[in-house]
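**Q** Protein sequence lines, in the order shown, are assigned to chains F and U. Numbering (full-length UniProt numbering) for the first sequence: 1 to 167. Numbering (full-length UniProt numbering) for the second sequence: 1 to 107.
Don't read these hints as lab results, they were simulated from the structure. Where is the CB? At the ideal position from N, CA and C, for every residue including glycine. Any given hint could turn out to be false.
Said to hold, decoys possible - SDA-like, lysine to any residue: derived pairs with alpha carbons at most 25 Å apart:
#1 U:67 - F:80
#2 U:67 - U:50
#3 U:99 - U:84
#4 U:47 - F:120
#5 U:67 - F:106
#6 F:36 - F:72
#7 U:86 - F:165
#8 U:86 - F:17
#9 U:47 - F:17
#10 F:36 - U:67
#11 U:86 - F:108
#12 U:86 - F:164
#13 U:86 - F:163
#14 U:67 - F:108
#15 F:36 - U:85
#16 U:67 - F:72
#17 F:36 - F:73
#18 U:67 - U:46
#19 F:36 - F:10
#20 F:36 - F:79
What the hints assert, rightly or not - Some chain U residues flagged as far from chain F (calculated, every beta-carbon gap over 10 Å):
#21 9
#22 72
#23 88
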Amino acid sequence: MTSTTVPTTTVQVYRVHIRATPEAIWEAIISPEWTKRYGYNTPSEYELRAGGAYRSLPSEEMVAHGMPADSAVVDGEVIEVDPPRRLVQTWRMLFTPELVAEGFTRLTYEIEPEMGGVTALTITHDVTGAPITAESISAPASGAGGGWSVILSDLKTLLETGEPLYR
Amino acid sequence: MQDDDTVFHALADASRRELLDRLYARDGQTLRELTAGLDMSRQAVSKHLGVLEAADLVVTRRSGREKLHFLNPVPIRLIHDRWIDKYTEHRIAALMDLKSELEEKRP
């Protein structure tokens, strides 16, 4: 322990390098056609302007388990858009009343091209005051998906091979 | 650019694994905080952090004048998905084959 004040961990950072263009990665984040193919398979809908709405709809599997197809499972608001390099938004999971009660967190996507056709994708997720959300995105209970690590691993495989990792 | 070699190399060192454990216990620390209480010079810690960063196991973010170090679990997930899943799946598939083979041979 140090003598300085220990701040509560409120930010989580995830980075993956993908052999793909920034444009391809951008499209894979913002389009429903791509987002339904990896991670939680929840198609995302973005109004790509500051103040625009964001929501992710249930996956086919979630609908098969009884979720209404037109009711969002994650929602938020777009704060900053700079395609294909930077997207800042608020982000709130709607799966349980406890998650809804935690309110909006802040999510930043940064896309940086590097040498050799490789692009770094970094997700910075500020989960201040949202401990259940923080656990869900980092180390969710088995069967609950796997958080950003699993989503990014799946996205990398999808973009590099054309096939998703897990299904 | 991280690849399997740089990740395995970065993990093959007890000091670097200790730094990862410290970040796991408390994420977003400065170099000074990470060096405190360790039997290592600031320069040595800084060098280890550089190796971890090259392997994507650590990602740094600026916060005002400070550089904060964050544990990035994605490379470990990639190794899991690339290697561990493959071998466990293979074993399960082999057992399933054995099971059906034995069952077919039943009188």
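**Q** Next step is simple, just say for each hint if it's right about the structure.
**A** To see whether the hints hold, each was checked on the structure:
For the given pair, residue 67 of chain U sits about 24 Å from residue 80 of chain F by alpha-carbon distance, which is consistent with the 25 Å threshold. Straight-line distance between C-alpha atoms of residue 67 of chain U and residue 50 of chain U comes to about 13 Å, which keeps the hinted pair within the 25 Å bound. Restraint check: the Cα-Cα separation between residue 99 of chain U and residue 84 of chain U comes to about 23 Å, which is no more than 25 Å; the hinted pair holds. Between residue 47 of chain U and residue 120 of chain F the CA atoms are separated by roughly 22 Å; this keeps the pair inside 25 Å, and the hint holds.
Among the hinted pairs, residue 67 of chain U with residue 106 of chain F is consistent with the structure: their alpha-carbon atoms are about 20 Å apart, no more than 25 Å. Taking the CA atoms of residue 36 of chain F and residue 72 of chain F, the gap is about 14 Å. The hint holds against a cut of 25 Å. Restraint check for residue 86 of chain U and residue 165 of chain F: the C-alpha separation of about 11 Å stays at or below 25 Å, so the hint holds. For the hint linking residue 86 of chain U to residue 17 of chain F, the alpha-carbon distance of about 21 Å falls within 25 Å, and the restraint holds.
Pair hint residue 47 of chain U plus residue 17 of chain F holds up; C-alpha atoms about 22 Å apart against a cutoff of 25 Å. Between residue 36 of chain F and residue 67 of chain U the alpha-carbon distance is near 36 Å, which puts this suggested pair outside the 25 Å criterion. At roughly 32 Å between alpha-carbon atoms, residue 86 of chain U and residue 108 of chain F are farther apart than 25 Å, so this suggested pair is violated. Straight-line distance between C-alpha atoms of residue 86 of chain U and residue 164 of chain F comes to about 15 Å, which keeps the hinted pair within the 25 Å bound.
About 16 Å separates the Cα atoms of residue 86 of chain U and residue 163 of chain F, which keeps this hinted pair within 25 Å; it holds. For the given pair, residue 67 of chain U sits about 18 Å from residue 108 of chain F by alpha-carbon distance, which is consistent with the 25 Å threshold. Between the alpha carbons of residue 36 of chain F and residue 85 of chain U the distance comes to roughly 23 Å, so the proposed pair stays at or under 25 Å and holds. With a C-alpha separation of about 37 Å, the suggested pair residue 67 of chain U and residue 72 of chain F falls outside the 25 Å cut-off, and the hint is violated.
Restraint check for residue 36 of chain F and residue 73 of chain F: satisfied, since their Cα atoms lie roughly 13 Å apart, inside the 25 Å limit. Proposed proximity of residue 67 of chain U and residue 46 of chain U is supported: the alpha carbons are some 12 Å apart, at most 25 Å. Distance hint between residue 36 of chain F and residue 10 of chain F is unfulfilled; the C-alpha atoms sit about 28 Å from each other, more than 25 Å. Distance hint between residue 36 of chain F and residue 79 of chain F is fulfilled; the C-alpha atoms sit about 23 Å from each other, no more than 25 Å.
No beta-carbon of chain F is positioned within 10 Å of the beta-carbon of residue 9 of chain U; the least distance is around 16 Å. Not every Cβ of chain F is farther than 10 Å from the Cβ of residue 72 of chain U; the closest lies at roughly 5 Å, contradicting the non-interface assignment. The claim that residue 88 of chain U is not at the interface with chain F holds, since no C-beta of that chain comes within 10 Å of its own (minimum 14 Å).
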